[in-house]
Amino acid sequence: MDIILNNRNESFDTDQLTINELLAVKNFTFKMLVVKVNGELVRRRDFDSSIVKNGDDVMVLHLITGG
Amino acid sequence: MTLPEQISNYLKQFTVGIAGCGGLGSNCAVALARVGVGRLIIADFDIVTEQNLNRQYYFHDQIGRLKVHALRDNIQRINPDVVVKAFDMKLCVSDVIELFSGCDVIVEAFDKAEMKQMIIETVITKMQAKPLIVGVGMAGWGRSSIIGARNSGNLFICGDEVSEVSDQLPVLAPRVGMVANMQANEVLEILLKDFRPTN
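Here the protein sequences line up with chains A and B, keeping their order.
What the first sequence shows, in my numbering, is residues 1 to 67, in sequence order.
What the second sequence shows, in my numbering, is residues 1001 to 1199, in sequence order.
Here chain A stands alone, though its shape is the one from the complex (with noise of 0.2 Å):
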């Protein structure tokens, strides 16, 4: 499948990922994140159950401490 992450094209061998899959396989590994797939908040208790598929526009951002 083709999505978009953070605003680039990415390409996975596969039809689908669960967020966490993607967030593995990305090496999203901060313990605070914020997940949009196509504009729409994911929740974290979503984030074994919700799937990215072709075509989706997905934000991933890790949350840092500091400001």
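Among the hints, erroneous ones may be present.
Claimed, not checked - Cβ-Cβ distance ranges computed for the label pairs, FRET-style:
no., chain 1, residue 1, chain 2, residue 2, range
1, A, N27, B, Q1168, 21 to 31 Å
2, B, G1064, A, N6, 37 to 47 Å
3, B, L1172, A, G55, 36 to 46 Å
4, B, V1162, A, I4, 14 to 24 Å
5, A, M32, B, E1050, 27 to 37 Å
6, B, G1064, A, I51, 45 to 55 Å
7, A, E10, B, P1080, 42 to 52 Å
8, A, Q16, B, D1081, 47 to 57 Å
9, A, D13, B, F1045, 43 to 53 Å
10, A, E10, B, L1172, 28 to 38 Å
11, A, N9, B, R1065, 49 to 59 Å
12, A, Q16, B, F1195, 41 to 51 Å
13, B, S1101, A, E40, 17 to 27 Å
14, A, D46, B, F1195, 35 to 45 Å
Said to hold, decoys possible - In silico PhoX-like cross-links for lysine-lysine, where the CA-CA straight-line distance does not exceed 20 Å:
no., chain 1, residue 1, chain 2, residue 2
15, A, K53, A, K36
16, A, K36, B, K1130
17, B, K1193, B, K1130
18, A, K36, B, K1126
19, B, K1090, B, K1112
20, B, K1085, B, K1012
21, B, K1112, A, K31
22, B, K1012, B, K1130
23, A, K26, A, K53
To be verified - Every beta carbon over 12 Å from chain B, so not counted as near; a handful from chain A, in silico:
no., residue
24, D2
25, E10
26, N20
27, S49
28, S50
It should be emphasised that the hints constitute simulated quantities derived from the structure, not laboratory data.
Ideal Cβ placement from N, Cα and C applies to all residues, glycine included.
Based on these hints, arrange chain B on the given structure of chain A.
Chain B only, in chain A's frame:
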């Protein structure tokens, strides 16, 4: 009117909410006040300490004062035309909605990752049309070129997205100032979208 005067005059109509008045919020608020944003709604629960002065827009004689009151004074010394609404409180979800629903743009300027997550999730789920400018990753020094800005819909992200504050990596004036001013710059881009200079 000169162009800067026209810009300042145009910006009078807008209200910007600033959540947190530390390194990001105090510096961002001052930049927005200088260019002439009409109303600033600022919120923080903390007081000014000596340790804050290496990066936050406060003065030595303000140590011990509430940040929101000290910042309001500093803004009004710079630009008395700015209306500042100061809220001495630790924000929760309902406060974010109540305080900032009348704002044209919201600036996230919290310290803690948990609070950044709270306001981002609140705005995405409950105030979807509202632009939110967040600051993520600015600890340390140097590495200017990895600081950037991107957006996903109405969520605008400024910072390097990797540098977390720690005992080895403090937040210091230059880098937090860069991110705070990038946030102010994103606010300006949004507010000036329909601005047309005369003559």
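Hint check results:
For N27(A) and Q1168(B), the Cβ-Cβ distance of about 22 Å falls inside the hinted range of 21 to 31 Å, so the restraint holds. For the pair G1064(B) and N6(A), the supplied restraint of 37 to 47 Å holds, since their beta-carbon distance comes to about 42 Å. Between L1172(B) and G55(A) the beta carbons are some 43 Å apart, a value that agrees with the proposed interval 36 to 46 Å. Take V1162(B) and I4(A): their Cβ atoms lie about 21 Å apart, and the range 14 to 24 Å holds.
The beta-carbon spacing between M32(A) and E1050(B), approximately 29 Å, falls within the hinted interval of 27 to 37 Å. In this structure, G1064(B) and I51(A) meet the distance hint of 45 to 55 Å, their C-beta atoms being roughly 53 Å apart. The hinted window of 42 to 52 Å between E10(A) and P1080(B) holds, with their beta carbons roughly 51 Å apart. Separated by about 55 Å at the C-beta atoms, Q16(A) and D1081(B) satisfy the suggested range of 47 to 57 Å.
For the pair D13(A) and F1045(B), the beta carbons lie near 49 Å from each other, so the given range of 43 to 53 Å is met. The given range of 28 to 38 Å is respected by E10(A) and L1172(B), whose C-beta atoms sit roughly 35 Å from each other. Range check, N9(A) to R1065(B): about 50 Å between beta-carbon atoms, so the 49 to 59 Å window is met. Between Q16(A) and F1195(B) the CB atoms are about 44 Å apart, so this pair conforms to the stated range of 41 to 51 Å.
At roughly 20 Å, the beta carbons of S1101(B) and E40(A) sit within the given window of 17 to 27 Å. At roughly 41 Å, the beta-carbon separation of D46(A) and F1195(B) lies within the given 35 to 45 Å, and the hint holds. Restraint check for K53(A) and K36(A): the C-alpha separation of about 13 Å stays at or below 20 Å, so the hint holds. As the CA atoms of K36(A) and K1130(B) are separated by approximately 16 Å, the hinted pair is consistent with the 20 Å bound.
Using a Cα cut-off of 20 Å, the hinted pair K1193(B) and K1130(B) holds, with the two alpha carbons roughly 15 Å apart. Restraint check for K36(A) and K1126(B): satisfied, since their Cα atoms lie roughly 14 Å apart, inside the 20 Å limit. For the hint linking K1090(B) to K1112(B), the alpha-carbon distance of about 12 Å falls within 20 Å, and the restraint holds. Between K1085(B) and K1012(B) the CA atoms are separated by roughly 15 Å; this keeps the pair inside 20 Å, and the hint holds.
Taking the CA atoms of K1112(B) and K31(A), the gap is about 13 Å. The hint holds against a cut of 20 Å. A hinted pair counts as satisfied when its Cα atoms are at most 20 Å apart, and K1012(B) with K1130(B) qualifies at roughly 19 Å. For the proposed pair K26(A) and K53(A), the alpha carbon gap of about 15 Å is at most 20 Å, so the pair holds. The claim that D2(A) is not at the interface with chain B holds, since no C-beta of that chain comes within 12 Å of its own (minimum 18 Å).
With a cut of 12 Å on Cβ distances, E10(A) stays outside the contact zone with chain B, its closest approach being about 15 Å. For N20(A), the requirement that its beta carbon stay farther than 12 Å from each beta carbon of chain B is met, with the minimum near 17 Å. Against chain B, the non-interface label of S49(A) holds: every CB pair exceeds 12 Å, the least being about 18 Å. The claim that S50(A) lies off the interface holds: its Cβ sits roughly 15 Å from the closest Cβ of chain B, which is beyond the 12 Å cut-off.
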